[in-house]
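2 protein chains.
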Amino acid sequence: MSQSLDIAVIGATGTVGETLVQILEERDFPIANLHLLASSESAGHSVPFRGKNVRVREVDEFDFGKVQLVFFAAGPAVTLSFAPRATAAGCAIIDLSGALPAPHVVPEANAPVLKTLGKPVQVSSPSAAATALAVVLAPLKGLDIQRVNLTACLAVSSQGREAVTELARQTAELLNARPLEPRFFDRQMAFNLLAQVGKPDADGHGVLEKRLVSELRELLAAPLLKISVTCIQAPVFFGDSYSVSLQTAAEVDLAAVNATLEAAQGIELVETGDYPTAVGDAVGQDVVYVGRVRGGVDDPCELNLWLTADNVRKGAALNAVQLAELLIKDLL
Amino acid sequence: MSQSLDIAVIGATGTVGETLVQILEERDFPIANLHLLASSESAGHSVPFRGKNVRVREVDEFDFGKVQLVFFAAGPAVTLSFAPRATAAGCAIIDLSGALPAPHVVPEANAPVLKTLGKPVQVSSPSAAATALAVVLAPLKGLDIQRVNLTACLAVSSQGREAVTELARQTAELLNARPLEPRFFDRQMAFNLLAQVGKPDADGHGVLEKRLVSELRELLAAPLLKISVTCIQAPVFFGDSYSVSLQTAAEVDLAAVNATLEAAQGIELVETGDYPTAVGDAVGQDVVYVGRVRGGVDDPCELNLWLTADNVRKGAALNAVQLAELLIKDLL
Ligand SMILES: NC(=O)c1ccc[n+]([C@@H]2O[C@H](COP(=O)([O-])OP(=O)(O)OC[C@H]3O[C@@H](n4cnc5c(N)ncnc54)[C@H](OP(=O)(O)O)[C@@H]3O)[C@@H](O)[C@H]2O)c1
Ligand SMILES: NC(=O)c1ccc[n+]([C@@H]2O[C@H](COP(=O)([O-])OP(=O)(O)OC[C@H]3O[C@@H](n4cnc5c(N)ncnc54)[C@H](OP(=O)(O)O)[C@@H]3O)[C@@H](O)[C@H]2O)c1
Chain A
1 MSQSLDIAVI GATGTVGETL VQILEERDFP IANLHLLASS ESAGHSVPFR GKNVRVREVD
61 EFDFGKVQLV FFAAGPAVTL SFAPRATAAG CAIIDLSGAL PAPHVVPEAN APVLKTLGKP
121 VQVSSPSAAA TALAVVLAPL KGLDIQRVNL TACLAVSSQG REAVTELARQ TAELLNARPL
181 EPRFFDRQMA FNLLAQVGKP DADGHGVLEK RLVSELRELL AAPLLKISVT CIQAPVFFGD
241 SYSVSLQTAA EVDLAAVNAT LEAAQGIELV ETGDYPTAVG DAVGQDVVYV GRVRGGVDDP
301 CELNLWLTAD NVRKGAALNA VQLAELLIKD LL
Chain B
1 MSQSLDIAVI GATGTVGETL VQILEERDFP IANLHLLASS ESAGHSVPFR GKNVRVREVD
61 EFDFGKVQLV FFAAGPAVTL SFAPRATAAG CAIIDLSGAL PAPHVVPEAN APVLKTLGKP
121 VQVSSPSAAA TALAVVLAPL KGLDIQRVNL TACLAVSSQG REAVTELARQ TAELLNARPL
181 EPRFFDRQMA FNLLAQVGKP DADGHGVLEK RLVSELRELL AAPLLKISVT CIQAPVFFGD
241 SYSVSLQTAA EVDLAAVNAT LEAAQGIELV ETGDYPTAVG DAVGQDVVYV GRVRGGVDDP
301 CELNLWLTAD NVRKGAALNA VQLAELLIKD LL
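Sequence lines, in order, name chains A and B. No gaps in the numbering here: position 124 of the first sequence is 124 in UniProt numbering, and each next residue is one more. No gaps in the numbering here: position 113 of the second sequence is 113 in UniProt numbering, and each next residue is one more.
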């Protein structure tokens, strides 16, 4: 049996897919053949991998029998269309689109779940927000967290390539005093904050907000955890920022919290008095940055944190590759 | 006795001061003589008022005996230096700098406090964040709010003129792919979020965060209200945005909340499904915009709100003028 896998990445030309391919190379993932797939629009383009240009092909025409592992990074509709074919061909699936009813796993939070999966393996890499939060909150479970109050300030890249282009275009128009014509976003995104990401449901919650609540409860194995969340769209290209206020059952010992975070995997703790930013710290990095670790102004059972993480890398592509690394022994 | 007042505005060339002078004119405030004061730097400049250019003078040389009312809008140090002279001359003071130990008042929240003031009157217009929050939370007191969880996303103009110039300069540098040289802010502000406004204290709290907690408790006459707050600096020129999650003693009736907010003074409620933004709605307006009124994902005792307000106008200058209007009968 070969010590390398044949792999497909669907959505290989996208924000997440391109980074995923880079990370597979950086971490020297044992790949025999890499198949890069996308829509007809970029079929024929190529993506660099290990010093060669790998041709991108159309997913419709792909024979899933050629690979043992498929990364789905092209949106929920594409996952729903092609996952049945991949499964029928016996492929393991790591889904980044949130479309499959597969367990969500973040290695730093709930890696043991991987041992419970049936065959062929299907596992979900959660939303970037749930991933970052889980990395930081899992080691803090000893605090007996009663409630998480979260404002998630998302980078435009969390909505893909077009959103990135749109923020740049709007900013340039405004700086040049030209009239603003919103396209991808339905209003001014440059120099503004949007209070909602995607269409809300009848109760006013965004899809992503509800997804975050259920994913975070699953990742922390805390099905009754109270979570209030507002996802906002910030005029930042890459890197999410999270303002987190936790309510705990017992008084918070800040020295112990700092020691726990310092020792935890996947976290970079920024010294008290300073703080991380999306652009200055998180982008391009493999860790979630944590700063502004402080209690309440006068509530001893409150812990406040400020997190920043690369939404594309740590929040998606890297987590998916970490999952693949943990699964590889079963797949070879 | 004249039906008009002689008034001084200290900091008349600043972000808040200029707007204050505009609002005095717009609202036809009964002014006999208007004295505009600033530092030696802009003494000699002039500011338009009622179709004339009013010369700006140096505050050091001002005879406070000439006026009955002084607005302090030039920072805490200037208030501390000159308030004693104004008081000695019998002037009423409306302080926008937060430096005086005078009661904080937002007319929509706690106007009756004005009747309890000694002579000469001294009153504080609170921070922009406390002002906006008080306008919205005061009518919701019937909810028996147990806790306010707030992430305040502040416009750069909340730090004055220089911060506005700096965001524009940084953005242009980045769009033109020139190396970034932060000046006013200590790091990249354009396309980024800063987790802290000003230097934190030994416990990690920002001055503004502690001020907000104490001002909001005072404005709502709720000295024990639990408030968790993080103030962040957003790459927005004008207009603050507030992500607010309230915990209440009893179950939240959303229809009743909407009706209360609809009927309240100083608020514009945005229909469910839509939301206001700083730039698109709040800037230049006299109201606090409220949107995303929704419960918890599954907590019946949770109420989430998204507020936007013009930090300079509604958060400072207009509130100060509203205070003056309520005090005028006592001053004439
Ligand atoms: N961006 C993030 O921060 C982030 C974080 C976590 C999870 N995710 C999830 O990851 C997925 C990809 O997001 P993204 O940000 O990378 O989006 P993106 O930049 O817009 O890229 C979309 C990718 O999907 C491909 N695609 C689109 N329609 C297709 C079709 N009909 N058939 C085959 N391929 C198709 C595109 O290929 P073409 O070049 O042919 O158009 C492109 O490669 C989404 O499900 C997203 O929710 C994103
Ligand atoms: N901006 C807001 O959103 C906001 C909201 C609520 C409260 N406030 C408070 O309002 C005050 C003014 O803020 P701002 O944003 O308007 O600041 P700003 O734009 O920087 O303007 C500062 C003003 O103060 C004057 N000044 C500075 N040093 C002085 C001195 N030594 N003597 C006399 N005048 C002096 C300046 O005059 P020169 O032209 O001579 O320099 C200018 O008129 C601050 O206390 C601030 O905390 C601001």
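Since the hints were made in silico from the structure, they are not lab data. The reader is advised that the hints may include incorrect statements.
Treat identical chains as interchangeable: a pair holds within one or across any two.
DSSO-like, lysine-lysine: derived pairs with alpha carbons at most 27 Å apart [unchecked claim]:
hint, residue 1, residue 2
1, Lys52, Lys210
2, Lys115, Lys66
3, Lys210, Lys199
4, Lys226, Lys141
5, Lys210, Lys226
6, Lys199, Lys52
7, Lys52, Lys115
8, Lys66, Lys329
9, Lys199, Lys141
A quick look at each hint next to the structure:
1. With identical chains, the CA atoms of Lys52 and Lys210 are never at most 27 Å apart, being 41 Å at best within one copy and 56 Å at best between copies.
2. In this homomeric assembly, Lys115 and Lys66 come within 27 Å of each other (Cα to Cα) only inside a single copy, at 25 Å, whereas the closest approach across copies is 82 Å.
3. In this assembly of identical chains, Lys210 and Lys199 lie within 27 Å of each other by CA distance solely inside one copy; the values are 12 Å within and 35 Å between copies.
4. In this assembly of identical chains, Lys226 and Lys141 lie within 27 Å of each other by CA distance both inside one copy and across copies; the values are 14 Å within and 23 Å between.
5. Taking the shortest Cα distances, Lys210 and Lys226 sit within 27 Å of each other both inside one copy (12 Å) and across copies (26 Å).
6. Proximity of Lys199 to Lys52 under the C-alpha cut-off of 27 Å is found in neither arrangement, the shortest distances being 41 Å within a copy and 50 Å between copies.
7. Taking the shortest Cα distances, Lys52 and Lys115 never come within 27 Å of each other, neither inside one copy (35 Å) nor across copies (79 Å).
8. For a Cα distance limit of 27 Å, the shortest separation of Lys66 from Lys329 inside one copy, 19 Å, qualifies, whereas the shortest one across copies, 86 Å, does not.
9. When the C-alpha separation of Lys199 and Lys141 is checked against a cutoff of 27 Å, the pair qualifies neither within a copy, at 33 Å, nor between copies, at 30 Å.
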